[in-house]
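Protein chains: 2
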Amino acid sequence: MEVAREAGVHPATASRALNPSARGEVSPRTVRRVVQAAERLGYVPNTLARGLRTSRSFVAALVIPDITNSLFPPIVRGAEQVLSAAGFTLVLTDTNNDPDSERGQIASMRAHGVDGFIIATARWQDSLLDELAADGTPTVLVNRRTAKSDLPFVGAEDQDGVRLCVDHLADLGHRNIVHLAGPSDTSTGRERSSAFRAAMRMRQLPLRSAILECASYSEAAGAAGAARLRASGRPFSAIVAANDLLALGAMEQLAGSGLQCPRDYSITGFNDLSFMSKLTPALTTVRVPLAEMGAHAARTLLGWIGSDGNPTSLRVLLPVELIIRGTTSPH
Amino acid sequence: MEVAREAGVHPATASRALNPSARGEVSPRTVRRVVQAAERLGYVPNTLARGLRTSRSFVAALVIPDITNSLFPPIVRGAEQVLSAAGFTLVLTDTNNDPDSERGQIASMRAHGVDGFIIATARWQDSLLDELAADGTPTVLVNRRTAKSDLPFVGAEDQDGVRLCVDHLADLGHRNIVHLAGPSDTSTGRERSSAFRAAMRMRQLPLRSAILECASYSEAAGAAGAARLRASGRPFSAIVAANDLLALGAMEQLAGSGLQCPRDYSITGFNDLSFMSKLTPALTTVRVPLAEMGAHAARTLLGWIGSDGNPTSLRVLLPVELIIRGTTSPH
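In order, the protein sequence lines correspond to chains A and B. According to the working numbering, the stretch in the first sequence is residues 7 to 337, in order. According to the working numbering, the stretch in the second sequence is residues 7 to 337, in order.
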């Protein structure tokens with residue numbers, strides 16, 4: 007065919023490169039060459055029409071709570087690269103942490119005929135996701151999951167991460183360690199706090215009044231948590247924060263009442279957001295492979311969409327790593 | 007109609023709320039209520055089919071070079087909020103700074119029938135954008151523009167920003183000020199460096215060997231620029247970096263050769279990325295209203311799509327502000 011000649015490839019290769027569901031069998035460089043040749047010749051595949059015929063749109067949606075939280079851009083990038091290599095377009099939706107808006111946006115994207123969802127906004131009890139699961143809409147949860155385990159989930163070894171923090175602090179001689187926990191309506195909040203409890207028990211450290219739940223994963227909530235900790239009078243020499251933003255908020259709050267880190271207390275974060283290594287002191291935290299998490303969620307979604315049936319319910323937990331920097335020091 | 011009754015609104019309101027091009031006339035809360043009512047009743051507007059009929063898809067694409075560069079998430083969020091309020095879905099594409107990949111992705115999105123593009127990847131000479139302009143494809147440039155001014159552009163008052171930096175440093179007594187310039191194949195690189203030249207002339211400060219062009223807007227390029235500056239032996243007491251990442255890279259490089267900021271030199275950035283206030287010393291920089299920039303680009307695109315014709319070629323420059331923090335001090 008003309009496009010194959012223009013691109014200098016075998017006709018079968020050109021045909022695979024122009025077919026989004028076969029495109030994965032051809033190298034990205036070749037796909038690009040063929041698509042460019044097709045464009046030069048004015049032959050542009052009418053994917054919209056083909057989507058209607060095959061009931062596939064080759065569009066996948068990624069639903070995140072807040073693009074300006076630097077946890078999410080690497081997840082977006084990882085998912086986008088896998089999806090685009092497979093000929094899928096990624097639609098990104100930012101719900102601004104608003105469940106009503108999320109429901110409206112997901113309804114609108116289903117009306118647009120997207121093939122599936124990657125969801126980073128899961129709450130522990132989440133009727134919207136229960137409905138998607140019951141419907142059989144291809145949906146993969148990333149980072150957070152629901153109480154029901156009926157949708158595939160790609161997350162991190164949160165329990166390992168928290169245990170690494172507690173062990174590191176205990177090894178430095180800390181005994182009065184407290185946990186600024188994430189919200190209990192998120193799986194990450196629940197699992198990190200239960201891992202904290204288990205790790206403290208393992209090291210035979212005191213758990214009484216040691217867990218303070220924060221209302222959200224934000225600097226403001228971390229500051230409020232630290233203020234409550236100070237007001238309670240509970241002694242502490244170290245804090246395990248459920249994520250980096252909570253740690254930053256707590257440090258700012260405690261500095262306001264004269265407590266300097268690591269002179270007066272140690273603290274650990276979770277996620278290793280960009281710039282955490284550039285703070286003074288640089289934040290000791292748990293590095294989560296965020297881009298890989300997004301990529302893995304995308305591969306799982308493509309597997310489901312390609313199989314025309316329900317996937318084996320699966321749960322993938324990626325390994326994490328403790329990055330020791332300046333906010334932790336011997337007691 | 008049934009949906010209006012279910013939502014408790016006037017039928018005309020329900021009809022506007024379900025029509026993406028009239029949706030802007032109804033409050034977002036009402037739109038949500040009506041869409042939810044429609045969903046409960048199993049009445050979901052078939053936007054895909056309507057897109058084919060009216061030759062609109064109600065999908066707009068935002069093309070960015072790198073979602074993990076924290077310059078872009080606020081722009082994405084600003085654009086997303088305006089587009090979704092108007093019933094449009096935002097497709098996000100990350101080109102990973104690769105022009106070939108950008109060409110392939112834009113071709114694929116045109117094949118998917120998107121209604122228009124917001125482009126944050128413009129190079130100074132950009133044949134792909136020249137083609138989009140010649141085609142009449144609704145396209146709005148954001149943050150960076152091309153040499154030709156035939157597409158609407160939404161950016162910031164870069165010249166003001168650079169002048170504020172030079173004036174601030176000159177007021178602090180600095181005379182040997184150098185500029186780590188952005189790449190000359192970007193409008194921001196060219197305009198900030200010409201603004202630097204103008205501001206230095208205005209203050210009658212020496213310009214010889216005062217401008218060093220960096221190969222990209224990255225920390226690595228900033229470090230390389232600072233290394234060249236040191237190697238040149240040119241005296242300097244202050245640096246105006248063309249963006250925050252260049253400033254961070256330069257500071258790290260100079261710290262490696264024993265130069266501490268602000269003790270040994272002052273430095274300014276550009277953009278005020280998140281966390282710049284949390285560094286030690288906190289970065290003096292130019293705050294750009296990034297979310298507003300994205301929102302304005304989206305409004306401009308919607309205006310073009312709605313008008314069914316070419317827009318008046320326009321150029322919107324949003325005001326900037328100098329945020330004075332710890333990296334600048336008297337000479």
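These aren't lab readings, by the way, just hints derived from the structure by calculation. Among these hints, one or two may not hold up.
[Said to hold, decoys possible] For lysine to aspartate or glutamate, the following EDC-like pairs were computed, each having C-alpha atoms within a straight-line distance of at most 16 Å: (1) K284(B) with E225(A); (2) K284(A) with E258(B); (3) K154(B) with E137(B); (4) K284(B) with D191(A); (5) K154(A) with E137(A); (6) K154(B) with D166(B); (7) K154(B) with D191(B); (8) K154(A) with D106(A); (9) K284(A) with E225(B); (10) K154(A) with D136(A); (11) K154(B) with D121(B); (12) K154(A) with D191(A).
Status of the hints after comparison with the structure:
With a CA separation close to 12 Å, the supplied pair K284(B) and E225(A) stays within the 16 Å bound. Distance check on the hinted pair: K284(A) and E258(B) sit about 10 Å apart at the alpha-carbon level, within 16 Å; holds. Taking the CA atoms of K154(B) and E137(B), the gap is near 12 Å; set against the 16 Å cutoff, the hint holds. For the suggested pair K284(B) and D191(A), the alpha carbons sit about 29 Å apart, so the restraint of at most 16 Å is broken.
Our distance criterion of 16 Å between C-alpha atoms is met by K154(A) and E137(A), whose separation comes to about 12 Å. Our distance criterion of 16 Å between C-alpha atoms is broken by K154(B) and D166(B), whose separation comes to about 22 Å. For a cut-off of 16 Å, the pair hint linking K154(B) to D191(B) stands: about 13 Å separates their Cα positions. Straight-line distance between C-alpha atoms of K154(A) and D106(A) comes to about 21 Å, which puts the hinted pair past the 16 Å bound.
For the hint pairing K284(A) with E225(B), the CA-to-CA distance comes to about 12 Å; that is within 16 Å, so the pair holds. For the proposed pair K154(A) and D136(A), the alpha carbon gap of about 8 Å is at most 16 Å, so the pair holds. The straight-line distance between the Cα atoms of K154(B) and D121(B) is roughly 22 Å, outside the 16 Å bound, and the hint therefore fails. The suggested pairing of K154(A) with D191(A) holds, with an alpha-carbon distance near 13 Å, which does not exceed 16 Å.
Violated hints for the displayed structure, listed by number in ascending order: 4, 6, 8 and 11.
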